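Got two chains here, each in a separate frame; can you build the complex from them with the hints?
Chain by chain, the residues run as shown.
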Amino acid sequence: MIDRPLLIQEIGSVKKPEWLVSTLKNKNATAEQKEKARDDAAYLNIRMLEDIGLDIVYDGEARRVEMYEYPAKNIHGMVFSGRVRSWDNRYYRKARVIDKVQYMKCYHIDELKFVKDHAKKIVKIPITGPYTMADWSYNEYYGTKEDLIMGFAKQVIRPLVKDLVAAGAQIVQIDEPAATTHPSEMKVFVDAFNEVVKGINAIFTCHICYSGNNYASLFPVATEMKCDQFALEFANRDTWELGVSDEKRIGYSALKMFREYGSKAGIGLGVSDVHVDKVEDPKLVRDRILYAVKVLGDPKLVYTNPDCGLRTRSREIAFAKLQAIAEGTVMARKHLGIPA
Amino acid sequence: MVESRITGIYPRSETLIEATRRYDKKLPELFVKEKRKIIAHQAKSGITHVSDPLVDWDDMLRPFTENLGGVERGPLNRFYENNTFYRQPIIKGELSRKGPITRDRIALKLFPKGKKWKVDLPDPYTFADLSDNRFYKKKEDIVFAFAEVLAEEVNWLAKQGVTSFQLNAPSLALANDPNTIKQAGEAIRVALKKSSESAVHFYFGDISRNIDRFLDYTVDMIGIDFRSTKLERLKGTSFTKRLGCGYVNAQNTKMETPKEIADFVIKAKEMLSPRSIAVMPNLDFEFIPQPFASRKVSNIGKACKILEAEKI
Numbered sequence: 001m002i003d004r005p006l007l008i009q010e011i012g013s014v015k016k017p018e019w020l021v022s023t024l025k026n027k028n029a030t031a032e033q034k035e036k037a038r039d040d041a042a043y044l045n046i047r048m049l050e051d052i053g054l055d056i057v058y059d060g061e062a063r064r065v066e067m068y069e070y071p072a073k074n075i076h077g078m079v080f081s082g083r084v085r086s087w088d089n090r091y092y093r094k095a096r097v098i099d100k101v102q103y104m105k106c107y108h109i110d111e112l113k114f115v116k117d118h119a120k121k122i123v124k125i126p127i128t129g130p131y132t133m134a135d136w137s138y139n140e141y142y143g144t145k146e147d148l149i150m151g152f153a154k155q156v157i158r159p160l161v162k163d164l165v166a167a168g169a170q171i172v173q174i175d176e177p178a179a180t181t182h183p184s185e186m187k188v189f190v191d192a193f194n195e196v197v198k199g200i201n202a203i204f205t206c207h208i209c210y211s212g213n214n215y216a217s218l219f220p221v222a223t224e225m226k227c228d229q230f231a232l233e234f235a236n237r238d239t240w241e242l243g244v245s246d247e248k249r250i251g252y253s254a255l256k257m258f259r260e261y262g263s264k265a266g267i268g269l270g271v272s273d274v275h276v277d278k279v280e281d282p283k284l285v286r287d288r289i290l291y292a293v294k295v296l297g298d299p300k301l302v303y304t305n306p307d308c309g310l311r312t313r314s315r316e317i318a319f320a321k322l323q324a325i326a327e328g329t330v331m332a333r334k335h336l337g338i339p340a
Numbered sequence: 001m002v003e004s005r006i007t008g009i010y011p012r013s014e015t016l017i018e019a020t021r022r023y024d025k026k027l028p029e030l031f032v033k034e035k036r037k038i039i040a041h042q043a044k045s046g047i048t049h050v051s052d053p054l055v056d057w058d059d060m061l062r063p064f065t066e067n068l069g070g071v072e073r074g075p076l077n078r079f080y081e082n083n084t085f086y087r088q089p090i091i092k093g094e095l096s097r098k099g100p101i102t103r104d105r106i107a108l109k110l111f112p113k114g115k116k117w118k119v120d121l122p123d124p125y126t127f128a129d130l131s132d133n134r135f136y137k138k139k140e141d142i143v144f145a146f147a148e149v150l151a152e153e154v155n156w157l158a159k160q161g162v163t164s165f166q167l168n169a170p171s172l173a174l175a176n177d178p179n180t181i182k183q184a185g186e187a188i189r190v191a192l193k194k195s196s197e198s199a200v201h202f203y204f205g206d207i208s209r210n211i212d213r214f215l216d217y218t219v220d221m222i223g224i225d226f227r228s229t230k231l232e233r234l235k236g237t238s239f240t241k242r243l244g245c246g247y248v249n250a251q252n253t254k255m256e257t258p259k260e261i262a263d264f265v266i267k268a269k270e271m272l273s274p275r276s277i278a279v280m281p282n283l284d285f286e287f288i289p290q291p292f293a294s295r296k297v298s299n300i301g302k303a304c305k306i307l308e309a310e311k312i
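Sequence order for the protein chains is R and V. Quick note on numbering: my numbering labels position 90 of the first sequence as 90, and the sequence is numbered without any gaps. Quick note on numbering: my numbering labels position 253 of the second sequence as 253, and the sequence is numbered without any gaps.
Pulled out of the complex, with its shape left as it was, chain V reads as follows (with noise of 0.2 Å):
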C-alpha cells in the first residue's frame, strides 16, 4: 500500500465557518462535528496516516500560545508570505507545560480503527522563530525548552494510540545556517525520542541548498514542498529516509488530476530513490476553500490506487 497523509490545518466548512463568526453556543460539539467527517473523509479516499484536520486551531502555535506557562498572546503577524495572520507568542518566562496541552485540541476519539494515527505539531525552531523573545538569552534556548514540552507532549500522545508524529517546520525550511540546522535537529532528535515514527515538513522555502543536513535528522522521514523545492535541484542527493512528497498544491485551487500526482511520485521515486513515499500535500490546506481541499484529498488518494497499481 502506497503511503499517503494530509498536513496541517485544514479548511473549515461554510457552515462551520459562520457558526464561528456568531461564536455558537454549540461550536465545541460542531467542531468535533467537522472533524468527524473530514477524518471520515480521509478514511474513505484511502489516506493511510489520518490526522486530526485541527479545525479548532487557529493558528498553528495556538494551543501552545495560549497554554504554555511563560507565554502571552501577542499581536498579529504575517503567517510568511500569506494573507494569513498569526497571534504571535510572547515568551516573558520559562516554558513550562502545566497538562497535556492538545488533550481538547486533538480528537483522539475519532481516529478510526485500522489506520496509522498522525499528530501534527510545530517544530520547535519554528516556534521559537514565529516568537517574540522577552526572556531567554538565545534563540537557541527556546528551541531546546519548547523541545522539552514538545517531548512530554509527544509521551502523553504516544500513551493514547498515536504511533505516527509530524513536525511541521516551515521556518527550518527557510534557514540557512548550517549551525542553527543542527541544533534545530538536535532539538527534533530530543522532541521526538518517543515517537514509533516521525517526519519532517519543510515549506514555504527551497531546501535544496540543505538537504543533506537535513537528511542527518533522526526522523523516518523528511516531507518536502515540491512547489518552493524544484525536484530537478535535488537530482544527485542520496535520500537515505522516506520521501514525503508535497506535490498536490494547497495554495491554488487548480486541481491536480490523480495521473499528474502519480506521475510527479514516479518521476521522485526514480530520481531520488527514497526508502519509500508518503504522497501528500505540499502543506496545510487551510489556504483553498474545504470543496477544493476535499477534492485534492480524494485525488491524493486516486494517485495512490494508480500507484499501487503500478506496483510502485
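The shape of chain R in the complex, shown without the other chains (with noise of 0.2 Å):
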C-alpha cells in the first residue's frame, strides 16, 4: 500500500447539487448543458474533498445515478424490472438478468480521465465488483448463482478493470457490500474478486458494509484474497461516547479478527456513519482511529474514511462529516506523533 500512515479518503459517493439534477430533469437542457453541469458538479466535488483534506478523492460520483443502476445501465444481458426496497423508503433499481452479461463499452472511462486531469491529490476510483452485481440481481438465465458471479467477474468486470488501469487508474476500490450477506457463499466472492484483479499492476482495495455478522464470514477466506486494503463500515455499530476501551470502542471488535488472522491488508476504518444527520466530534473519531491502530499494532496500516458513501446525507452534512474525519485523523496523527 502507500507507505504513509493514517491516511483520509472518501468511499465514494456524495449528494448530487440540487442545480445538477434540476439541468439534467430540464428537458429543455441540450446534452451540452447536461454534461457542463456534471463536469462543474465532479470538479466542485474534487476540490471539496481537496480543500477538507482528504489524502484519496474522486469526484463523489457525480455523473453515476446509483453504484449498481449505472453499471447495469451499461452491461449486455440486464433489464431493469423495478424498484425493490432497501430500507425505508430508500430503494434500488433492481435488473433482471435475461442473456450472458457482456462488457460493452469502459462505462466509468469519461469520468476517471476528468478526476486525473482535475485532482491535485491521489486518486482513487470505485468500481460495482461482480458478487454484488449478481446478488442484487434476479438470475433468469444462468443456471447457477455461481455462475452468474464468476461471468460478471470474467466477462464484465475484469474487462473493465483493464481498461481503467491502462487508462492510468492506480487505486481501484472495488464495491462489494453485498460480500457477507451469504455467509455460505464467500469462497466464490473471493474467486471472483481474485479473478478481477489477477495479473493486474494497480493497488486494489475492497468496500464491504453492514454486514449481518460482524465481518465474521469474512475469516479466514480475506486471506486469500488479493486485496490491499478493506475499507469497512464500523461507525454505524459503535458507541459515541469518548474513549479508547473495548467497550466504549465495541463497533470496532471485527478489527481483532484481522490481527488475529494475521492479515497484512490495510484497513479503511469507518468513522463516520452515514445514515445519522448528527456530526461526529473529531474527538471520537481520534480515538476510534487510536482503537484501531492500537489493535493492529501500525498506523500505517489504518486509513480513515466514513462509514460508506454519504450520498443518503445533505450535502453540508456529508462535507461536515469529511471535516470532523479530517480533523479527527490530524489529531490522532498528532497523538501518534505522525507528521502531518
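Hints may contain errors.
Stated by the list, open to error - Below are the BS3-like pairs computed for lysine-lysine, each with C-alpha atoms no more than 27 Å apart in a straight line: (1) V:K92 with R:K278; (2) V:K230 with R:K145; (3) V:K254 with R:K100.
Don't read these hints as lab results, they were simulated from the structure. All of these numbers come straight from a predicted model, not from anything done at the bench.
Now the structure itself:
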C-alpha cells in the first residue's frame, strides 16, 4: 500500500447538488448543458474533498445514478424490473439477468480521465464488484448463482478494470457491499475478486458494509484475497462516547479478527455513520482511530473514511462529516507523533 | 376450495414509492388507497385468506419497535441474507403495550366480507433474535415478554373480527437448539391462545432437521419456504397439520406458471399427506417489484383453480 500512515479517503458518493439534478431533469436542457453540469459538479466535489483535507479522492460519483444502476445500464444481458426497497423509503432499481452478461464499453473512462485531469491528490476509482452485481440482480438466465457471479467477474468487471488501469487508474476500490450477505458464498466471492484482479498492476481495495455478522464470514477467506485494503463500515455499530477501551469502541471489535488471522491488508476505517445527520465530534473520530491503531499495531495499516458513500446525507452534512474525519485524523496523527 | 394466502410485506407501487420519497402530505391516504387496490387484487385472484399488504410497515418489526414501551429504535441492520435493512429494536426496559399497536397499521375496514381475514405478525423468538437486548437477563425472557404483548394484540385484533393469525418466524427457521425451539413454541402458544386459526411460517432457513419439533407446536398450520427447505428432505415426515406450501419464489422475478405451482402442490401432498394445503409464496413479496408480485398472486389463484378442478 501507500507508505504513509493514516491517509484520509472517501468511499464514493456524495449527494448531487440541486442544480445538477434540475439540469438533468430539464427536458429543454441540451446534452452539452447536461454534460457541463456534470463536469461542474465533479469539479466542485474534487475541490471540496481536497480542501477539506482528504489525501485520496474521486468525484463523489457525480456522473453516476447509483452504484448498481449505473453499471447495469451499461452491461449486456440486463434489463430493469423496477424498484426494490433497501430500507425504509430508500429503493434501488433492480435488474433481471435475461442473457449472458457481456462488457460493452468502459463505462467509467470519461469520469476517470476528468478526475485525473483535475485532482491534485491521489485518485482512487470506485467500481461495483462482480459479487454485488450478481447478488443484487434477479438471475433468470444462468443455471446457478455461482455461474452468474463468475460471468460478471470474467466477462464484465475484469475487462473494465483492465481498461481503467490502462487509462491510468492506480488505485481501484471494488465495492462489494453484498460480500458478507451470504456466508456460505464467501468462497465464490473471493474467487470472483481474485479473478478480476489477477495479474493487473494496481492497488486494489475492497469496500464492504453492513455485514450481518460483524464481518465474521470474511475469515479465514479474506486472507486469500489479493486485496491491499478492506474499507469497512464500523461507526454505525459503535457508541458515541469518547475513549479507546473495548467497551467504548464496541463497533470496532471485528478489527481483532484481522489481527488474529495475520491479515497484512490495510483497513479503511469507517469512522463516521452515514445514516444519521449527527456529525461526529473530531475527538470521537480520533479515539476510533487510536483504538484501531492499538488493535492493529501499525498506523500504516489504517486509513480513515466514512462508513460508506455519503449520498444519503445532505451536502452540508456530508462535508461536515468529512471535515470531522479530517480533523479527527489530524488529532490522531498528532497524538501518535506522525507528521502532518 | 383450495386455501391460499399472501405473506408479510407486499411491494409498493412506483407511484407510492415516489410519494414516500417526497414525504407527500397525503401519504396516509395514499397508503389506504394502495392497500385497497392490493386487497382487491388478492380477492379478485381468489386468495381465500386476505391480508393487509403492510405497505406502510418499514420492516416486519417496525410498529413494535416504535410503539412498545421499553424499546428504542436502533441502527440499520442487515435483514438476514438480503440487500434489505431493518431498524434494530434496542430493548432498554420492560416490554409493555400502551394500546393497540396495529390499530393504524392494519386496515381492518378494507377487508372484504365473505373472505377470511388474516393478520401477519412477527413471532416472539424472531423479535428477540433481531433485537439488541440491554435489559433482560436472557433472550428467552424477551421471547416470553413479547409473547405476552402479542397475546394482548391478538386478543384485540380477534375482537375486531380477525379470524386467522400468521406468525412469521425466519429466525426460528434458522435455529438449531432443541431447547430454544421448544421454548419458542411455548411462546407461540402463549401469543396465539386467543386465535381461532393459527399459523407459523418458517422461511430463510432449511427446517427439515427440526420439522418434527415444529409439528409439535400448538398451531393449525406450518408454513414452509420450499426455496430454502427441499421437499425431498421432508420425505417420511408425518405431517399432522395443515401445510402452508411456500413454493412461489418471492425473491426472483422469474415467473412460475400456474401449472408448475399446482404440480408442486400435488407432489407435496403426495409426499407429506398434510391435513390440508394452503398455496402461498415462500416469503414476503417485497423483494420483487409490484408488477411481478401481482402476476405471481394471480398465478397462485390460477393454480388453486387447477387444483380444485382436479379435486385436490
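Checked hints:
| no. | hint | in the structure |
| --- | --- | --- |
| 1 | V:K92 with R:K278 | holds, 22 Å |
| 2 | V:K230 with R:K145 | holds, 17 Å |
| 3 | V:K254 with R:K100 | holds, 16 Å |
Comparing the model with each earlier hint shows no violations; every hint is respected.
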